[in-house]
Amino acid sequence: MATRGERLTGLLYFVLALILIASVASFVTWPQSTPAKPPPRAIETTNRIFLTKEQIRHAAVEDSSLGEVASLLKVSAPMRYGDFRWDDHKVPPGQVWIRVDLKRQTLSIFRRGHEIGTAVILYGTDGKPTPLGTFSVLGKSEKHYSRTYDAPMPNSLWLANDGVAIHGSDIRWGAATHGCVGVPLKFAALLFGAATVGDRVTIIP
Amino acid sequence: MIKRLSRRSMIALGAFASAGLVPVAAVLTYGDLEQISSWTPPETLSMLLSDRSPGKRTSATLTKTKAAKARELARNLAPHQRALARNLVPQQRALPKVQPAKPNPSFGEVLLGQPPATLIAAAPAALQVLPPIALAGTSPAIGGIFIPPAGGGGGGGGGGGGPGPVAEVPPPTTVVTPPANIPAVPEPATWMMLLIGFFGCGLMVRRSALGRLQAAS
Chain Z
-8 MATRGERLTG
2 LLYFVLALIL
12 IASVASFVTW
22 PQSTPAKPPP
32 RAIETTNRIF
42 LTKEQIRHAA
52 VEDSSLGEVA
62 SLLKVSAPMR
72 YGDFRWDDHK
82 VPPGQVWIRV
92 DLKRQTLSIF
102 RRGHEIGTAV
112 ILYGTDGKPT
122 PLGTFSVLGK
132 SEKHYSRTYD
142 APMPNSLWLA
152 NDGVAIHGSD
162 IRWGAATHGC
172 VGVPLKFAAL
182 LFGAATVGDR
192 VTIIP
Chain Y
2 MIKRLSRRSM
12 IALGAFASAG
22 LVPVAAVLTY
32 GDLEQISSWT
42 PPETLSMLLS
52 DRSPGKRTSA
62 TLTKTKAAKA
72 RELARNLAPH
82 QRALARNLVP
92 QQRALPKVQP
102 AKPNPSFGEV
112 LLGQPPATLI
122 AAAPAALQVL
132 PPIALAGTSP
142 AIGGIFIPPA
152 GGGGGGGGGG
162 GGPGPVAEVP
172 PPTTVVTPPA
182 NIPAVPEPAT
192 WMMLLIGFFG
202 CGLMVRRSAL
212 GRLQAAS
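Protein sequences, first through last, are from chains Z and Y.
According to our numbering, the residues represented by the first sequence are -8 to 196, in order.
According to our numbering, the residues represented by the second sequence are 2 to 218, in order.
You can take every hint at face value.
Okay, derived cross-link-like pairs now, DSS-like style, lysine-lysine, Cα gap no bigger than 27 Å in a straight line:
id, chain 1, residue 1, chain 2, residue 2
1, Y, Lys57, Z, Lys119
2, Z, Lys177, Z, Lys119
3, Z, Lys134, Z, Lys177
4, Z, Lys94, Y, Lys57
5, Z, Lys177, Y, Lys57
Covered stretches of chain Y, as calculated for chain Z (at least 3 residues, CB under 8 Å):
id, segment
6, 46 to 52
7, 74 to 85
Calculated from the structure, these hints are not laboratory results.
Ideal Cβ placement from N, Cα and C applies to all residues, glycine included.
Please model the complete structure; the sequences and the hints are all you need to start from.
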């Protein structure tokens, strides 16, 4: 006659044996299962992420303006205020397109579908919002000084006749503009050099 | 000895089993180990763009565009732009012209001089309309505080005038109203308390009975 403790120990052994058997069985059955198709990933080089056809198609469905994007600059970590990336190495000359993403607080400049620069931006407050939509660069002024706001606005790309521009600004957390799009000062100079009058600028909310 | 051995073996077996439990749990969760090993989050363009974003804006105060800020900005400019920016920063500030305030004679008269005759005439008439007010709780023997009607009139009003009849406000009678809803059936908490008490009684009876048995034996 087994005691109560012995019976309990026996039950414990039985349960443990069951678990062991189940784990071994699961190991055995794995090679037989069909291998899952890995999801498509972008082709990455040292500084650039080339999008796959499927990704481009998906992007076009999500946002029609993104259908033209062929590659992005590799940004490994979230950018901080005042950060920017610029790399137009081996990017062929062609149509330049600027995309301003207010929700993500970023600006990207594309040439022939390849991103050549990206930066953290400032945009208008709720009282003086940045206009949304598609614009074209109406004019450029390298050394603009705003009399209205008593502030230098170097490397301005004018988007509208009422004073809205993309210009160099002191990018820091918590700041906002009077409706313009502020970019880091060094980035503004690069952007000024790359963009020409008539280039398309898309500002999305 | 046997006991210690069995305990040791049990510990070893338990460790081994728990190690084997990990893949079992993984399979139960994901269904396929092949998928687990090669699983990578699917990347879309919008996800790639979101990854670089500093996040949604939480605070938005307008940029200060005063001279100090402009100077700070000029410091961050490229050397060829710095000279220009320095010229653009205002070096001096024009102060507004300060003039001594002139006293306004008409304003002073109204404040410091005699009030206009129309106001004096209107004051007693307005005061007589107001009913006398007595504070509640004061006994008639002591006499209530009241504002007498301005019988005397005069400058400022309310100076003279005899005491008028005191209007008493009866003390408020407190009526205790019962709560609107008294549940007909006891609440679960009440039931729980009843049951706990019942079990407690049972336990006490049982204990005393056992004690009596032990004392007898």
